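2 protein chains.
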Amino acid sequence: MSEPYDPAAFPPLAVTVDLVLMTVQDGHLAVLLQRRSEDPHKGDWALPGGFVGAAESLDDAAQRILADKAGMTGGWLEQLYSFGDPARDPRMRVVTIAYFALLPEHRLRDALAGRADLTLAPLDALPGLAFDHRSIVDHAAARLRGKLDYAPIAFALLPSRFTLRALQQVHEAILGSPLNKPAFRRRMLDAGWIEGTGEREEGGAFRPAELYRVR
Amino acid sequence: MSEPYDPAAFPPLAVTVDLVLMTVQDGHLAVLLQRRSEDPHKGDWALPGGFVGAAESLDDAAQRILADKAGMTGGWLEQLYSFGDPARDPRMRVVTIAYFALLPEHRLRDALAGRADLTLAPLDALPGLAFDHRSIVDHAAARLRGKLDYAPIAFALLPSRFTLRALQQVHEAILGSPLNKPAFRRRMLDAGWIEGTGEREEGGAFRPAELYRVR
Numbered sequence: 001m002s003e004p005y006d007p008a009a010f011p012p013l014a015v016t017v018d019l020v021l022m023t024v025q026d027g028h029l030a031v032l033l034q035r036r037s038e039d040p041h042k043g044d045w046a047l048p049g050g051f052v053g054a055a056e057s058l059d060d061a062a063q064r065i066l067a068d069k070a071g072m073t074g075g076w077l078e079q080l081y082s083f084g085d086p087a088r089d090p091r092m093r094v095v096t097i098a099y100f101a102l103l104p105e106h107r108l109r110d111a112l113a114g115r116a117d118l119t120l121a122p123l124d125a126l127p128g129l130a131f132d133h134r135s136i137v138d139h140a141a142a143r144l145r146g147k148l149d150y151a152p153i154a155f156a157l158l159p160s161r162f163t164l165r166a167l168q169q170v171h172e173a174i175l176g177s178p179l180n181k182p183a184f185r186r187r188m189l190d191a192g193w194i195e196g197t198g199e200r201e202e203g204g205a206f207r208p209a210e211l212y213r214v215r
Numbered sequence: 001m002s003e004p005y006d007p008a009a010f011p012p013l014a015v016t017v018d019l020v021l022m023t024v025q026d027g028h029l030a031v032l033l034q035r036r037s038e039d040p041h042k043g044d045w046a047l048p049g050g051f052v053g054a055a056e057s058l059d060d061a062a063q064r065i066l067a068d069k070a071g072m073t074g075g076w077l078e079q080l081y082s083f084g085d086p087a088r089d090p091r092m093r094v095v096t097i098a099y100f101a102l103l104p105e106h107r108l109r110d111a112l113a114g115r116a117d118l119t120l121a122p123l124d125a126l127p128g129l130a131f132d133h134r135s136i137v138d139h140a141a142a143r144l145r146g147k148l149d150y151a152p153i154a155f156a157l158l159p160s161r162f163t164l165r166a167l168q169q170v171h172e173a174i175l176g177s178p179l180n181k182p183a184f185r186r187r188m189l190d191a192g193w194i195e196g197t198g199e200r201e202e203g204g205a206f207r208p209a210e211l212y213r214v215r
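Going down the list, the protein sequences come from chains A and B. So for the first sequence, my numbering puts the first residue at 1; every next one is plus one. So for the second sequence, my numbering puts the first residue at 1; every next one is plus one.
For reference, chain A alone in the conformation it holds in the complex:
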């Protein structure tokens, strides 16, 4: 900024990072929630988050919260938006830099085991959330819808090898509506993002489908 610093007129503010960690579970976009152990909203579900340390960058804070709160490393991690309504936290003024993270469902299963304070909730059936976390989740879902066709985010929600059926399910989960199957297959194969592996999924009653990977 371009003005001298006057801490009386412009006191420093609490700055946090909140994390919208999303996956696709049973064909539905789902988000990781943590039950709050402190007031306000004690006992309510909320996004995992934490304060930004004095010596860490915003990205590092997001990585740390992903690792400490959700037990995750890796995955797609991107800054979403900053939320700074003065009344969003009743205790004090808090500005939050929200990030979203994407992980395949199997990565989350272990992290959730034995954690009574964590849950994966489908976006179309969310419990009431603390603070303005519902609007942060909505913002993240809209960002995914907008990015789907020009960034490889769908692959962040899948294992390294996947069927076209699974890829379509991820697209439909993000968009919230069904897609025409042959048109989708054609579009994915033409787009050049994926290639066949020459292998097929483990057998079932039907002919096992071909497995693909990111090119």
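Treat the hints as calculated values from the structure; they're not laboratory data. All values reported here derive from a predicted model rather than from experimental measurement. Any given hint could turn out to be false.
Said to hold, decoys possible - Derived Cβ-Cβ restraints for the label pairs, each shown as a range: (1) A:S37 with B:A67: 38 to 44 Å; (2) B:R186 with A:E105: 42 to 48 Å; (3) B:G128 with A:E78: 27 to 33 Å; (4) A:D117 with B:D68: 41 to 47 Å.
What the hints assert, rightly or not - Quick list of in silico lysine-lysine cross-link-like pairs, DSS-like style, CA-CA up to 30 Å: (5) B:K181 with A:K147; (6) A:K147 with B:K147; (7) B:K181 with A:K181; (8) B:K181 with B:K147; (9) A:K147 with A:K181.
Cβ coordinates follow ideal geometry from the N, Cα and C atoms, glycine included.
Given the structure of chain A, go ahead and fit chain B onto it with the hints provided.
Chain B only, in chain A's frame:
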């Protein structure tokens, strides 16, 4: 966030808003710069910005800086990204929420008159900027390029009535490369965003071109 507040471990931080106010001048994307009157970087050009007040939202802070520093109201104003590298400001830890604003050139001309501390600099010939403001400007330019085809940002850089030639010039300024004229005209007329006004621009040596407006 979900942990109790420990101000010793996580002290509050200085939070600012920095503004990337852009227009198209002579066919080039240009940004409003303000000369710093304080150290560090005293005398250097920088983005206009300011601290976020204790009782104002981030959007309100951005509007206030647009009005106070650049003398502007209205225009396209959107949050860009938050920059929080611990070393970005040598005086103290500062997290900045960067916004970008778009205005047609004629709106800026009056605001700049008689202001020795403000200048409009083309993005392809920027002076050295204070702090990390150059990377903030680059981020804003990339955002414009990404948004151009799916959001009506080009119209925010034009007067309410404009020729297709002027619209193409704005697109080319944002993309940084020339576009095929007949293909561009066809795409704009097919897209449905604009309509003819039935009027023509003020005369010149050539046949005056038709004026369009946003539908």
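- Item | Structure-inconsistent hints, enumerated in ascending order | 7
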